[in-house]
Structure formats: structure tokens, C-alpha cells
Amino acid sequence: MTLVDKVQVMDGPALRRALVRIAHEVLERNGGTENLGLVGIHTRGVPLARRLAEQIRRIEGVQVPVGVLDITLYRDDLTTVAHQPIVRRTDIPYDVTRRTIVLVDDVLYTGRTARAALDALIDLGRPDRIQLAVLVDRGHRELPIRADFVGKNLPTSRQEVVAVRLEEIDGRDEVVIQVPVGEEKTEGGAGR
Amino acid sequence: MGLARRNLIRMRDLSAADIQQILSTAAACKDIFSREVKKMPTLRGQVMVNLFYEPSTRTRTSFELAGKWMSADVVNIAVATSSVVKGESLTDTAKTLESLGADIVVIRHPSAGAPALLARSIRAAVINAGDGMHEHPTQALLDLFTIQEAKGTVADLHVVIVGDILHSRVARSNIWGLRTLGARVTVVGPPTLMPPGLEELGVRVSYDLDRVLPEADVVNVLRIQRERQPTALIPSLREYTRYFGLTRERLERLRPDALILHPGPANLGVEIVQEAVDDPRARIHDQVTNGVAVRMAVLYLVTGGRHDAVAA
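Protein chains in written order, with the working numbering: chain L, 1 to 192; chain C, 1001 to 1312.
Don't read these hints as lab results, they were simulated from the structure.
Model, not experiment: these values are computed from the prediction.
Glycine included, each C-beta is placed from N, C-alpha and C at the ideal position.
Watch out, some of these pointers could steer you wrong.
[Claimed, not checked] Mimicking SDA-like on lysine to any residue, the simulated pairs with C-alpha atoms at most 20 Å apart in a straight line are: (1) C:K1039 to L:E168; (2) C:K1038 to L:G125; (3) C:K1038 to L:I169; (4) C:K1068 to L:D123; (5) C:K1038 to L:D91; (6) C:K1039 to L:V68; (7) C:K1151 to C:Q1021; (8) C:K1039 to L:D76; (9) C:K1095 to C:R1123; (10) C:K1039 to L:D173; (11) C:K1038 to L:D123; (12) C:K1039 to L:G32; (13) C:K1039 to L:R88; (14) C:K1030 to L:R88.
[As the list claims (entries may be wrong)] A short list of chain C residues far from chain L (calculated; beta carbon distances all over 12 Å): (15) S1056; (16) R1058; (17) V1079; (18) P1110; (19) K1151; (20) R1179; (21) G1202; (22) V1205; (23) D1210; (24) P1235; (25) L1251; (26) D1286; (27) V1288; (28) L1301.
I would like the entire structure built from these sequences, with the hints used as guidance.
Here is the structure:
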């Protein structure tokens, strides 16, 4: 299966404005930056979390700590995938206990990644509360999970794939909907 | 992909990419040591059997912890070391393990080839925890991990392996792994304990430890395994120490940035002295920690993909 871009749903400025808004919402909801910590989920949640921290620094003048979370070892589909996904380092350079943690990911889809991230995070300590920020919520939840902060709600069909591209990884900022072309239609493997 | 076969039998089957995948996964797994809750759900619901036909505390415990930290149900089976426990009865045991629902079998056996035989007769993933004088892949992997962690790379390093090369599965697995990753390897030991054909593996052979020590980036000191020496291949332990032991005098010949490895348990005063174990260049305690991390990585990687799995 190959994927081709169908339509661009966010361009660079729209993506950046969404992040600025989320930064404000995070601050509003939590009454500032006290005990706040950001955790980006590999891969694209990581630069998004760093950018949110940078926005918060611009608004409040406070550097909020940022960690990196790899959820591979917490996935619930490890016995069914053909090859084991690559495991990367989890690196959260602060104690999550008694903090408000904002998990950051690019796309919220089935909710399984968020579920795994919650388990992984709770194994590291006992945060006071955990909130979820995503750039795109594309629907089709399979678990009772919702995001606290959403950049864009994007109704999609299951055949479509939402690709978030970020400067740091892909060389440009945009969100596009992709569709499969060619012989066979298969369910998208990752959460997008 | 060596591990896509769901087994880890020999280092010689692994490509450099396979080894690097294991090492990078192990680096992620090692983080668990710094956690309060040493538990992750990765192998939940999977049955892991430690099938040990030879006594072992370290390797078995290391595998057991690795399995438990990843939430596998770990069963230890210590089989009495009687001479009839071989060949056919091993396949019988395989059937029993199958009936128990084993997903992973970690096997140590005095006969070379036993893990490969088991792997052919069982659906579960098989990991070789040492077979006779053949291979001990997870020991080599933890040694490689320890070297790479300390030095940043294994390629182009000069690694000296000293001891009973002939009987050592640790040496054999290390040689395969080190050569695959591009290290230079020199083995040192008494001529009676040197197997033929090492040069064909690209390994340099020396009988003079004092000559090669100053050029070593890593010195891996093997255990003198008294249980594996039916005939007297060395005149005496004292003479062995004089020529091949890592003594206090030899520590001074070793470069300040060299690493000292030992697979343990050490025969102190024979192949290595206490001062060498306590030396800041020694990574022997790291090896124990890294052993669990590497075994977690291997457990994770061999359990991927059921036979009937379709790509998700």
C-alpha cells in the first residue's frame, strides 16, 4: 500500500497558531506553570512538546520541563504485529510525582497510544493529574479517552491517514490527509 | 533479520544491524533500573521457561529478572545433570513445555547444538543461554553493550580475550559479535587451550599477555573453568596466573582508558586479582546490570510476531 496526499488541512501558520492557542489553554486550565511538566510521545509528540514549552516560556517567562516518552513496551498489540517496533529511550529528566503532566502527541485516533502512555507514565511515579494535548483529533476512538487540548478536530474515514509533518523531522510544518492507492486497502498501522 | 526467526541461538547468525537493534533496545530497557516500579507489561500473559541442564545462578537469575520485569510468567526448571538427559529426551521435554504453553524457552545445556535442536522441535521462541563449548550469545551481547556504553563504539577497538579459549563459549560468541561489529580481536592463552582455525575468523592469536596488554582497548578476562577441564591442560593454577592472570603488575601495563571485563564469577587470585576487580577501569558490575537490560531486549525482540500473525 502506498499513500498519497489528498488534501492539506493545516499549513505552517495554522499549525503554529494552534500551538500558541494550546499553550494559552494549558496555562489557563492550570492557573500558570506551577508543578507543570510536559511529556512528548515519540516521535512527533516530542518536537510538539518542545514547541509548547517554548510558547509557554514566551507567555509566562518560565521554562517548563520537557520529557520524552516511548510507549512501545506498553503497546497492547505486541503479540499480533509481525515485527517488533523499534524501542527508543524514555527520558523524563524530572520527577513526575505530584506534578501536573501534559502528555503531548500529534494525532489522537483509537486512543490506544494514549492508554499506553498513561500506563508508562504512572509506572514512573504518581502525577497529581495527567492531561492530554494533541495537534489533531481525528475521531474513531476505541477506548474511553479524550483530549484536554486539541489543535484541530478533523473528521476522517478509517481508510484515510492523517500525516503531521514538522519542521524538526520532516523539514516543513503541515497536516495532510492521505489516501491509500494501489491494489489493496489495509488499515493504517500507526495511530494516524 | 536474525531475531525475526524468533530464536537466538548463535552470534554468528546476527548481522551488525541485528546486534545494533538489540543494543539500542537494551539501552531503553536499562532505564528500568532507575525506576521505583520495575515492571512493564510487555510480556504479559506469556510463559517463559528457564530450562537449565547445567547449574547457573547468574545467567538464570538475570534471565528470570528480565522476564519478571517485563511481566512474563517465569518458570524455572533445573534438570539434574545426568548423562542420559540428552538427545531424544530433550525433544520429549520440548513436548512437555509445549503442553505447558511455553512462549519462550531459555535453555542452557552441556551439549553444543541442544538449543538448535530444541528450536526445531518447538513452536516457542528459543534463547540459548550457553550450550557446551559452542556459544553463549547473551553474554557476548552484554559484553558488547558494556563496551559500546563506555567507549561509544565497538568498531576499530582492539579487544583482548585472555584465558581458556578452547573451552569457552563466551570467547566464541564474543569473537563472532566483535568481528561483526568491526573490532580487532586478539586472543591470549596457553597453547594447550587454544583451538585451531582462529585466524580464519580474523582473530590474532598470542601467547604473550604482557606484549598485547599495552595495546588493548578492552581486556576480557575469561574464567578458568575447572569443571570443563577433564585433563590437565595447564600445569598448575599458579603457573597460569604467572603467565595469564590479570595481576597487579599487569594492571600497570594496561592503558588508563582501557576497560576490564570478566563474565563472572571470578576465581580471585587465579585469572584475576581483587585489585583488578576494584580497579576504576573494571566494568564488571556494569556487566551484571547490562546483562538484565540486554536479556530484556532479547526477550522483547524474539517474541515479536506470532507464526500466524498478519501485518497490522
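Verification of the hints:
Straight-line distance between C-alpha atoms of K1039 (chain C) and E168 (chain L) comes to about 33 Å, which puts the hinted pair past the 20 Å bound. Between K1038 (chain C) and G125 (chain L) the alpha-carbon distance is near 11 Å, which keeps this suggested pair within the 20 Å criterion. For the given pair, K1038 (chain C) sits about 32 Å from I169 (chain L) by alpha-carbon distance, which is inconsistent with the 20 Å threshold. Restraint check: the Cα-Cα separation between K1068 (chain C) and D123 (chain L) comes to about 15 Å, which is no more than 20 Å; the hinted pair holds.
With a C-alpha separation of about 16 Å, the suggested pair K1038 (chain C) and D91 (chain L) falls inside the 20 Å cut-off, and the hint holds. Using a Cα cut-off of 20 Å, the hinted pair K1039 (chain C) and V68 (chain L) holds, with the two alpha carbons roughly 19 Å apart. In summary, the hint linking K1151 (chain C) to Q1021 (chain C) is supported, as the alpha carbons are separated by about 18 Å, within the 20 Å threshold. Taking the CA atoms of K1039 (chain C) and D76 (chain L), the gap is about 15 Å. The hint holds against a cut of 20 Å.
In summary, the hint linking K1095 (chain C) to R1123 (chain C) is supported, as the alpha carbons are separated by about 10 Å, within the 20 Å threshold. Restraint check for K1039 (chain C) and D173 (chain L): the C-alpha separation of about 37 Å exceeds 20 Å, so the hint is violated. A C-alpha spacing of about 8 Å is found between K1038 (chain C) and D123 (chain L), which places the hinted pair at or below 20 Å, so the restraint holds. The hinted pair formed by K1039 (chain C) and G32 (chain L) fails the criterion: a straight-line CA distance of about 34 Å is larger than 20 Å.
Proposed proximity of K1039 (chain C) and R88 (chain L) is supported: the alpha carbons are some 17 Å apart, at most 20 Å. Under the criterion of a C-alpha separation no larger than 20 Å, the hint pairing K1030 (chain C) with R88 (chain L) is consistent with the structure, at around 11 Å. Look at S1056 (chain C): its CB is around 26 Å from the nearest CB on chain L, clear of 12 Å, so calling it non-interface holds up. At the 12 Å boundary, the C-beta of R1058 (chain C) stays outside the reach of chain L, the nearest C-beta of that chain being 24 Å off.
No Cβ of chain L approaches the Cβ of V1079 (chain C) within 12 Å, the least distance being about 28 Å, so the stated non-interface status holds. Against the 12 Å criterion, P1110 (chain C) stays outside the reach of chain L, whose nearest CB is about 31 Å from its own CB. No Cβ of chain L comes within 12 Å of the Cβ of K1151 (chain C); the nearest lies about 19 Å off, and the non-interface call holds. R1179 (chain C), annotated as away from the interface, keeps every beta carbon of chain L farther than 12 Å; the closest lies near 25 Å.
With a least CB separation of 30 Å from chain L, G1202 (chain C) remains clear of the 12 Å interface cut-off, as annotated. Even its closest Cβ contact with chain L, about 38 Å, leaves V1205 (chain C) beyond 12 Å, as expected for a residue assigned away from the interface. With a least beta-carbon separation of about 41 Å from chain L, D1210 (chain C) lies farther than 12 Å from that chain, consistent with its non-interface assignment. Every Cβ of chain L is farther than 12 Å from the Cβ of P1235 (chain C); the closest lies at roughly 49 Å, confirming the non-interface assignment.
The claim that L1251 (chain C) is not at the interface with chain L holds, since no C-beta of that chain comes within 12 Å of its own (minimum 34 Å). Its beta-carbon lying about 18 Å from the closest one in chain L, D1286 (chain C) satisfies the requirement of being farther than 12 Å from that chain. Against the 12 Å criterion, V1288 (chain C) stays outside the reach of chain L, whose nearest CB is about 21 Å from its own CB. The Cβ of L1301 (chain C) sits about 5 Å from the closest Cβ of chain L, inside the 12 Å cut-off, so the non-interface label is violated.
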